[in-house]
Every structure is written in structure tokens, then in C-alpha cells.
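Just so you know, the sequences run in chain order A and B. Residue 63 in our numbering sits at position 63 of the first sequence, with consecutive numbering throughout. Residue 409 in our numbering sits at position 115 of the second sequence, with consecutive numbering throughout.
Keep in mind the hints are simulated off the structure, nothing from the lab. Mixed in with the good hints there might be a few duds.
Stretch by stretch, here's where chain A covers chain B in the computed footprint (C-beta under 8 Å, at least three residues) [stated by the list, open to error]:
(1) 321 to 332
(2) 530 to 542
(3) 553 to 559
(4) 565 to 574
Some chain B residues flagged as far from chain A (calculated, every beta-carbon gap over 12 Å) [as the list claims (entries may be wrong)]:
(5) Ala463
(6) Leu480
(7) Arg518
(8) Ala577
(9) Ile582
(10) Glu584
(11) Ala588
Each computed DSS-like pair below joins lysine-lysine, with the alpha-carbon atoms no more than 27 Å apart [claimed, not checked]:
(12) A:Lys292 / B:Lys511
(13) B:Lys586 / A:Lys217
(14) A:Lys217 / B:Lys511
(15) A:Lys212 / B:Lys586
(16) A:Lys162 / B:Lys511
(17) A:Lys292 / B:Lys456
Every residue, glycine too, gets a C-beta built ideally from N, C-alpha and C.
There are 2 protein chains.
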Amino acid sequence: MSDLFFERVAFIGIGHIGSSLARVVLRDKLAGRITACANRAETLETVKRLKLADSVTTDPAAAVKDADLVVLATPLSAYGAVAQAIAPALRPGAILTDVGSVKSLVLREVKPLLPPEIHLVPGHPVAGTENSGPESGFPEVFRGRWCILTPVPGGDAAALDKVTRLWQAAEMEVVTMDAEHHDTVLAITSHLPHLIAYTIVGTATDLEETLKSEVIKFSASGFRDFTRIAASDPVMWRDIFLNNREAVLAVLQRFNEDLTALQRAIRWGEGDKLQALFTRTRAIRRSIIEAKQA
Amino acid sequence: MSDLFFERVAFIGIGHIGSSLARVVLRDKLAGRITACANRAETLETVKRLKLADSVTTDPAAAVKDADLVVLATPLSAYGAVAQAIAPALRPGAILTDVGSVKSLVLREVKPLLPPEIHLVPGHPVAGTENSGPESGFPEVFRGRWCILTPVPGGDAAALDKVTRLWQAAEMEVVTMDAEHHDTVLAITSHLPHLIAYTIVGTATDLEETLKSEVIKFSASGFRDFTRIAASDPVMWRDIFLNNREAVLAVLQRFNEDLTALQRAIRWGEGDKLQALFTRTRAIRRSIIEAKQA
């Protein structure tokens, strides 16, 4: 990996994932300089205190000046505005990558704004905890997890290779796929589970106080598992649902049909149907254990 | 605890929870003899191999003969038949307790069949893993968790005290509440989360093979958390849904309304509504962490 080196890396947005990657870059000495850009002065103070960057700024255009690698790590709703701001300031030949959870968006909102000599490599490290902010990051968060890159057709092979090796340095397994396909797969594995968890925890939040305190008390019986993912960053998740709307609504429709069928089986006492489903779902757990993702 | 002792404990059903309690009884020498009763010869072979009981039988009436403590630990659907079988054979003054996840059922299907000199103490140790069978039990499964007892109005105080101390020996925190209330609280904290998890894993199970293998591959992004609870015992959970039908359908109705509202907010791009909900749900996670149930 000794030939993996960037003169200057700019992080636009430096929360949980951005700061974790900055820590990898620092740990492995992968950059000459790091610049961090964030909206909020408080975030940049934290970045300075943690010594995650050599310089900080609230101006994305200033941040990307002279950078040979730009990592876009803001919430998805900022992508368009950031792309507009940085496009004229990007150094020719620079690599622009991102860490967002919806990949067709990058093609829609970022790519059209870029000059042709910029190498766009959209990416999604499928990792992270429910915590947010630069103080919550740590370099091992990526270890053994998947990073999905969705290369632009006809894109620069050397740029793709460098971004691949960056995530490999973070100990991730890197795979590539089409952006639309990524968004369909993640709608099932990540976006729907989060939506359901937010809903069930929201339902509990609306209970009267006495009952709510008992739900918290006895949460270890199943509910607790949902609260962890329903504690994820609200803005990040708002943006995911708004920007992967079609795929999320499609899989939600299937989920709703299946839930209605189960509801009906309970109402009519159809024990055989329930048992058959509950037996089938056990197999998926075994597959996940076999795939070493448990 | 030195005065907590039973001459003969009979386990009717000895799976994950029954065998875990048997291990506590053995560890702490709380019984002179243990008898285990199960339907399947294979289960009894395992019990013998693991030395969890002094004697085994497939006949519930034979199992409870001379027992001063009977622990009913079968799936809920067997409760009525077991109660009918053991009622004439129970020793006068014996304590009958259970470990089931629905407590109004015990009052409906077991209590009416018992002679008046039997002390019924319905119970629910809120503990366990997703594994099943006597080989999956271990005495520490109960440690630090809640055990809910739903004492029968006018029931024997000494019997309640003995069962309380039994679960305290298993390192549980024991609380008492009304059976109906138990069933409402658990419908929210346990039954609905399991129903949702079974549904979402079922939805994934029905995907075409290529997509399904990718869902397994990228399951760490949220989906995985659901598969653990959707790997729970199919018969046990079939019986829970069938026997706590009203409470489960009531809370499912609220969940459905909330999910529909969220679905609509996504479809119409109402980001403020999404963000407001996702911010509220974070608070519940903090409460669970503060309650040391995380």
C-alpha cells in the first residue's frame, strides 16, 4: 500500500464516517495534508481539538483547492449545493468520491455539474454505528465490512483503483455494482429496516407515560434491538428516505402486503401459516451466520 | 436462600427456558429430585445425556406425582391438555408455576382445571436467546433480567414468596403485575417486534435468489438485527400470537397507522415530518441506556 498517497485530501462534511476515514488516512499516513470543511463552527472546533485535519474551513470551494482527493461526506441533501460550490474550484485530475447511502443521487445531482477532467467515483462504505459527529468516529469502524463503489460508465480506471485501495486500507472488502442496483439492495437491507425501527419506536413514544416506562423497563424482550437503529442520525436518514423514495416505497409495499397477510393469519387463528413462515425465516439467519455477517 | 428447597421439582417441557431453570436448580441444589417430562424421546435423551434430571418421562401425570413444585415450560398450545392431564395427579399443596409469554391464558385455560389445594403462580422470566431445545439453555440466561409474576387474586402468599425466591436465585429482578396488563406490555415490547422482524425477514426470503444473496451479504446495514429475533422458535411464537391475539392486533393497528403516515411523508417529500419523528425516537434509546437495559 506504500504507493497509495494523496498530496491533499479534503473532507466536505466530517461526521461519523468522514472522521473515521480521516483517522484511517492519518493512521496510515496516506496524505500530505488534510482539510476539513463543515457547516458548523462547533464541528470544526471538535475537528481541531481531535487533530483530525491540518486546516479547517466552512467554505467548500476553499477546502477543495489543490486537493487531489475530495471526500464528500455530508448528508445527501447538501450534495447538489456542495457540487455547485466546488465544481469551479476543483483541481483538474482530482478524484471526487463520496460515502452516501444512495448512489443514483450522485449521478443525478453531482455528476452533471463536474468538469470533464474530474474523476468521480461514487462510494458507500456499509459501516457505522448509530452515533454521529466527528467525536464518534474510529478507524476500525470499517474493518471487515463491505464498501460498495458504483463506478461511472467510462470512468477513469486509475481513479477507481486508488479509491478501491483507500477503502482496502480501511480494511474493507470492496465490491462494485451499478448505482440503481445498489439503491435497490440497500432499500431492503438498510432503508426498510430503519424505517420499520423508526416506526415501532415512534409508536412506543406515543404511549401514555406509565406504559412507556414499562416498555423501556422490559425492552430486552425484543423492542431494544429496534431502538439502537432508531437512534441513528435524523438528518442523514431523512435524506436517505427522500432520495431513495421509489426503491423504499416499492419494498415497503411488499412488506405491507406480507404484514397484512400475517395480521390476517393471527386474526383467523391460522397457526399453520404462522409456523410455516417462522420456520422459513430461520434459514436466513443461518445464511447470515455462514456468510460471517452475524 | 438456604431455606429455599423443594423435595421434587417436575419440569413439564424442558427446552431453552425450562432447561436453564433446571440448571439453576442443580447449581444451587434447590431440589431433592428433578423429573423432566417432554413429548419427544429425543428431547428426553438429551436431558439424560446432560444430566439435567434424575428421571424422565413422556407422561405429565407421572411427572408431577409427589412434586412440590411443577414448572410448566411447554409451548402455550399444550397448556390446556397438560393441565387436564396433571390436575388429578398433583400433590395437594403443590405449587404450579409456568414460564409462558402470555399470562391471561393461564387464568383461562389452566386455573379452572386445578383442584383448590394447588397453588398457581403464573410467571414469565423475560429472558432467553433465539436458540431452542435443552442443549441451548444455561443458568446465566436469567441474570439481571426481569421476571414478571402475575399472582392469582387471593392466592397463597407463601407459594408466591417461594416462586419469587426461585427466580431471585436465578439472579432475576422479580416484579408482579396483573395478567392482562402483562399481556398488553409484552405485546408492545416483545410480540410486535417479533412479528415485524418475522415479516421483514419473510419479505426478504421471497426475493429472487440473486437479490437474496446480496441481502445476506450486506445484512450488517440494519437487516441483520432483525434476523436474530426472526430465528426464534417457530412453535413458541405461533402460540404467542394465537394466544395474545387481541393485544397484538391492537398494537399492530397503531403501528400500521404510524407506518402509513411515514410512508405518506416519504411519498410527498415531507422531510420536516421525517426529521421530527427520527429526533423523537432517539430519546427512547437514551432512556433504555439510562435504565441499563441496553
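Each hint tested on the structure:
1. For the stretch 321 to 332 of chain B, the stated coverage by chain A is not satisfied: 0 residues place a CB nearer than 8 Å to a CB of that chain, which falls below the threshold of 3.
2. Check on the stretch 530 to 542 of chain B: 7 of its residues sit with their Cβ under 8 Å from a Cβ of chain A, so the three-residue criterion for coverage holds.
3. Look at the stretch 553 to 559 of chain B against chain A: 3 of its residues bring a Cβ nearer than 8 Å to a Cβ of that chain, three or more, so the hint holds.
4. Counting residues of the stretch 565 to 574 of chain B whose CB lies closer than 8 Å to any CB of chain A gives 7, so the stated coverage by that chain holds, three being the minimum.
5. Even its closest Cβ contact with chain A, about 20 Å, leaves B:Ala463 beyond 12 Å, as expected for a residue assigned away from the interface.
6. Not every CB of chain A lies more than 12 Å from the CB of B:Leu480, the least distance being 7 Å, so the non-interface label is violated.
7. Not every CB of chain A lies more than 12 Å from the CB of B:Arg518, the least distance being 6 Å, so the non-interface label is violated.
8. At roughly 7 Å, the least C-beta separation between B:Ala577 and chain A is not larger than 12 Å, which violates its mark as non-interface.
9. Consistency note on B:Ile582: stated as away from chain A, yet its beta-carbon is not over 12 Å from all of that chain's, at 5 Å minimum.
10. Distance check for B:Glu584 against chain A: the nearest CB is about 9 Å away, which does not clear 12 Å, and the non-interface claim fails.
11. With a cut of 12 Å on Cβ distances, B:Ala588 falls inside the contact zone with chain A, its closest approach being about 7 Å.
12. Annotation: proposed proximity of A:Lys292 to B:Lys511 holds, straight-line Cα distance about 9 Å (limit 27 Å).
13. About 9 Å separates the Cα atoms of B:Lys586 and A:Lys217, which keeps this hinted pair within 27 Å; it holds.
14. Proposed proximity of A:Lys217 and B:Lys511 is contradicted: the alpha carbons are some 34 Å apart, above 27 Å.
15. Between the alpha carbons of A:Lys212 and B:Lys586 the distance comes to roughly 16 Å, so the proposed pair stays at or under 27 Å and holds.
16. For the given pair, A:Lys162 sits about 24 Å from B:Lys511 by alpha-carbon distance, which is consistent with the 27 Å threshold.
17. With a C-alpha separation of about 44 Å, the suggested pair A:Lys292 and B:Lys456 falls outside the 27 Å cut-off, and the hint is violated.
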